[in-house]
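2 protein chains.
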Amino acid sequence: MELREMSDDACIAFLASHTFGHLASMGEQYPYVVPVHYAYDSRKVFLFSMPGQKVDQLRIIPFACLQVEEMEKDKMWKSVLVQGRFDELPDIPARRNERLHAWSLLEKRPFWWEPGSFELSAGEDGDSGSPIFFSLSIDVISGRQVEHRA
Amino acid sequence: MELREMSDDACIAFLASHTFGHLASMGEQYPYVVPVHYAYDSRKVFLFSMPGQKVDQLRIIPFACLQVEEMEKDKMWKSVLVQGRFDELPDIPARRNERLHAWSLLEKRPFWWEPGSFELSAGEDGDSGSPIFFSLSIDVISGRQVEHRA
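Protein sequences appear in the order of chains L and V.
This note's numbering puts the first residue of the first sequence at 24, with every later residue one more than the last.
This note's numbering puts the first residue of the second sequence at 24, with every later residue one more than the last.
The set of hints was computed from the structure by calculation and includes no laboratory data.
It cannot be assumed that every hint is accurate.
One copy or any two copies: either way a pair holds, since identical chains are not told apart in the list.
Said to hold, decoys possible - In silico DSSO-like cross-links for lysine-lysine, where the CA-CA straight-line distance does not exceed 30 Å:
id: 1; residue 1: Lys-101; residue 2: Lys-67
id: 2; residue 1: Lys-101; residue 2: Lys-131
id: 3; residue 1: Lys-96; residue 2: Lys-131
id: 4; residue 1: Lys-67; residue 2: Lys-131
Given only the sequences and the hints, what does the whole structure look like? Please build it.
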């Protein structure tokens, strides 16, 4: 059994071939982490959320961390970590194309019902119906894996 | 399908009946998140790690977030979130009993090889062999679940 670092290319390939991970943000006192679905494209990660704590925090401190893992048989695993900057894609003409692109990437997967896709606070105000699209730049990426020694 | 908040008791019961989650901490610029195994006991969460980025960060900003989820069949899920304070259990006489207690809780599970249990930096200095035990207070706990509407 051997623990080793993954190359940048291997990390990106891993990220691109998965869609589920955990996204951490920073609140006033504590960090926050939720399961999320994402889509990778052109060295960015695209996500969406209903209004709530995650997006509120990211609007104040726009730095996030996405971690994606895969557990394989025989205790093998891979884990990739991305740290980057939150960039909201608001519904305004100047960003319409990016927003539509994010939507086209994300709509392929029927996961609106899943954890992190929506927030309990949705529905409490009148504006609960609008998902928030955002991307994450890949400022730092690293990965590690455990494998059998040859 | 209905999204609802879980009671505090339900959150604690859920936390106590699971052992795997994701732990977020806060770095200088970005948050950080890794998969972890933990043990729950008496309104505390116990964890261990080999030396590395996670513990380095928690020693500077001692606030963490543990999120635990369970995906069930038919798109049902539960997710519980704990925010609390990092408390290292060093190998000193004054904290020996707590450390032994943490060890007794954690040693039941053979997960030393798993992500988050050790760090790549281990082995680069001469002091790689000492796991760090720590607990997390449960300052804030919340949970949500999706279930079929009766």
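Hints versus structure:
1. Lys-101 with Lys-67: both (20 Å within a copy, 29 Å between copies)
2. Lys-101 with Lys-131: Intra 25 Å, inter 24 Å, cutoff 30 Å: intra and inter.
3. Lys-96 with Lys-131: both (28 Å within a copy, 21 Å between copies)
4. Lys-67 with Lys-131: Within one copy, since 17 Å is at most 30 Å while 40 Å is not.
Checked against the numbered hints given earlier, the structure satisfies every one of them.
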